[in-house]
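2 protein chains.
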Amino acid sequence: MTSAQYDVLAIGNAIFDVLVRTEDDFLVRHGMTKGGMALIDEVRAAAIYADMGQATEMSGGSAANTIVGLASFGARTAYVGKVKDDQIGRLYSHDIRAAGVTFQTMPAKDGPATGCSYILVTPDGERTMNTYLGAAQDLTPADIDEAQIAAAAITYLEGYLWDPPQAKEAFLKASKIAHGAGRRVALTLSDAFCVDRYRGEFLDLMRSKTVDLIFANESELHSLYQTSDFDTAIKQLSQDVALGVVTRSEKGCAVVEGTDVTMVPASPIDQLVDTTGAGDLFAAGFLFGLVRGAGHHNSGRLAALAAAEVIQHIGARPQVSLKDLAQQHGLPV
Amino acid sequence: MTSAQYDVLAIGNAIFDVLVRTEDDFLVRHGMTKGGMALIDEVRAAAIYADMGQATEMSGGSAANTIVGLASFGARTAYVGKVKDDQIGRLYSHDIRAAGVTFQTMPAKDGPATGCSYILVTPDGERTMNTYLGAAQDLTPADIDEAQIAAAAITYLEGYLWDPPQAKEAFLKASKIAHGAGRRVALTLSDAFCVDRYRGEFLDLMRSKTVDLIFANESELHSLYQTSDFDTAIKQLSQDVALGVVTRSEKGCAVVEGTDVTMVPASPIDQLVDTTGAGDLFAAGFLFGLVRGAGHHNSGRLAALAAAEVIQHIGARPQVSLKDLAQQHGLPV
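So the sequences go chain by chain: A and B. Each residue of the first sequence is one higher than the last, beginning at 1 in the working numbering. Each residue of the second sequence is one higher than the last, beginning at 1 in the working numbering.
Extracted from the complex, chain A is given alone in its bound form (with noise of 0.2 Å):
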């Protein structure tokens, strides 16, 4: 095994994300469900943006805005996700590549436009998420480069790309390739509505050892095992994956790997604005603990301390630089 020219390598829906504050009756006027992501035809996503208010955009999309964070903490990461060739994909292309992350995905030159999720952010900063996936439908094996995805550690997965067909299809290729090459494979179950929808699928991919490491949180975990007791969740969470890390908002964070489980408390806030992005800054956290061989305990605060930062803000990317963030903090860099 050579070593790795990238740290991590990320797989995911490149979303542009629509945010603006609204009143919880927004969501109850649009049958929403408080805290999830729904998927939108372009239809319902004309009717919702014709009733939001006064926008603020930017790029999203869950593994992108990890991939983003691994960057902001000086990881070496490339980017692999389908954008329209239009000017919401050329907005969408030019952030992700300056925020040092190599994307070489080729934009699609026709088919529907590039993806959008309306975001609607409560008083309490929650937020809810309406996706139109776009030309994230697009995505194919064909977009995963065998030479790029073995060069990478670790190759990171979202859930959520279970929803466009041929995702999928290139999730299986790009894990294939990566255990070929030695490497290791993460997933994040991306929303418990996502794992109510492929809970078999999402079992099979850790039982076969397709993937090595699960990013969940608390109603993830409970919805992929059915049960609403932790204890039971974590304990086969440890048999089916190598290491399984569980997000439980405010009350940090539990690492498990066998037997083994490592308590994080979540980090400190002064105000919880939006939190779009808490559970990706997490991952991107934790995974660069995980490359920098920081150990569960510290890989789990710099976990904290990313999804800290972003949930502080509207939108779901790092508005400072995580890298010196951790170390103002104190943590392995």
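Don't read these hints as lab results, they were simulated from the structure. A couple of the hints might just be wrong.
Put simply, identical chains are the same to the list, so a pair is met inside one copy or across any two.
[To be verified] Cut-off 25 Å, straight-line C-alpha distance, at most; resulting in silico cross-link-like pairs (SDA-like, lysine to any residue):
#1 Lys109 x Ser249
#2 Lys209 x Arg292
#3 Lys209 x Ser219
#4 Lys235 x Gln327
#5 Lys209 x Pro107
#6 Lys176 x His94
#7 Lys109 x Ala45
#8 Lys323 x Gln137
#9 Lys323 x Gly258
The model shown is predicted, which means the values in this text are computed figures rather than measured ones.
We have chain A already, so just place chain B on it with the hints.
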């Protein structure tokens, strides 16, 4: 004269803002004049953008920011400005309408893309703007609807309109209609460099009574009269225009009507984040006071309050209801 359907109608360059925090050396490296607005062509836009970090996007444009601020105070508003019928143009149109502003200008079907401003925000909160006018160049007198202008108590124009060739004619047409209908016309001088480009024409507009109200900041005023002495400039302004409002950043503003000069202090702020839109929102507050008959002092206070809100976050549009904010401060709305 019939009663007005709109309190204020604004005409301006419709510009989408691409904002990024940066260090001062970025400005030096690209030969930018800090605090100014420079017009750039497509080639320079591409060069600047390629070197910029991850951005946040939102609708902008000087007069558009003002009219959105007025709508946020609760005024009845309309906007005239040219975007292209492209993705960014559609985001732009959504935002201004979502703010409650009537916006009926036909988007351009072909020609250049919707205009963008690449805005660099340095650590001191100062913004430096690089504007690609794009479709805004195609605003013509045909976009001025006589009935709509005649229905607005005040028509508000930005000095930046002097840059695109035909917008100037649209401006003059609008002023003539407004005055023919017994309405008032206001102009912001926009930028000291803009004043330098069009000094003679701006003075002619004032002296020929094509405009009744002038907004200027200190440096624009000094540029207009080519003097560094504030009192000299104020005296000349009082002779050239019926009503002049001069902003002086943290020193507040001076409202000049003949020999009557009212000084109003600035509103206190916790933290200066981004000055983008400070003058635009100041004008919004002042115009709102004016249409509500609040008097010079209270109009100045409304202006200062709106400016203080917008400089405490990234972006040139208010993030809270200015009506609520004014009420919280005991100001008349």
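To see whether the hints hold, each was checked on the structure:
no., hint, verdict
1, Lys109 x Ser249, "neither (40 Å within a copy, 48 Å between copies)"
2, Lys209 x Arg292, "within (23 Å within a copy, 69 Å between copies)"
3, Lys209 x Ser219, "within (23 Å within a copy, 67 Å between copies)"
4, Lys235 x Gln327, "neither (34 Å within a copy, 55 Å between copies)"
5, Lys209 x Pro107, "neither (31 Å within a copy, 54 Å between copies)"
6, Lys176 x His94, "neither (30 Å within a copy, 44 Å between copies)"
7, Lys109 x Ala45, "both (22 Å within a copy, 23 Å between copies)"
8, Lys323 x Gln137, "neither (33 Å within a copy, 43 Å between copies)"
9, Lys323 x Gly258, "neither (30 Å within a copy, 57 Å between copies)"
Of the numbered hints stated above, those contradicted by the structure are hints 1, 4, 5, 6, 8, 9, listed in ascending order.
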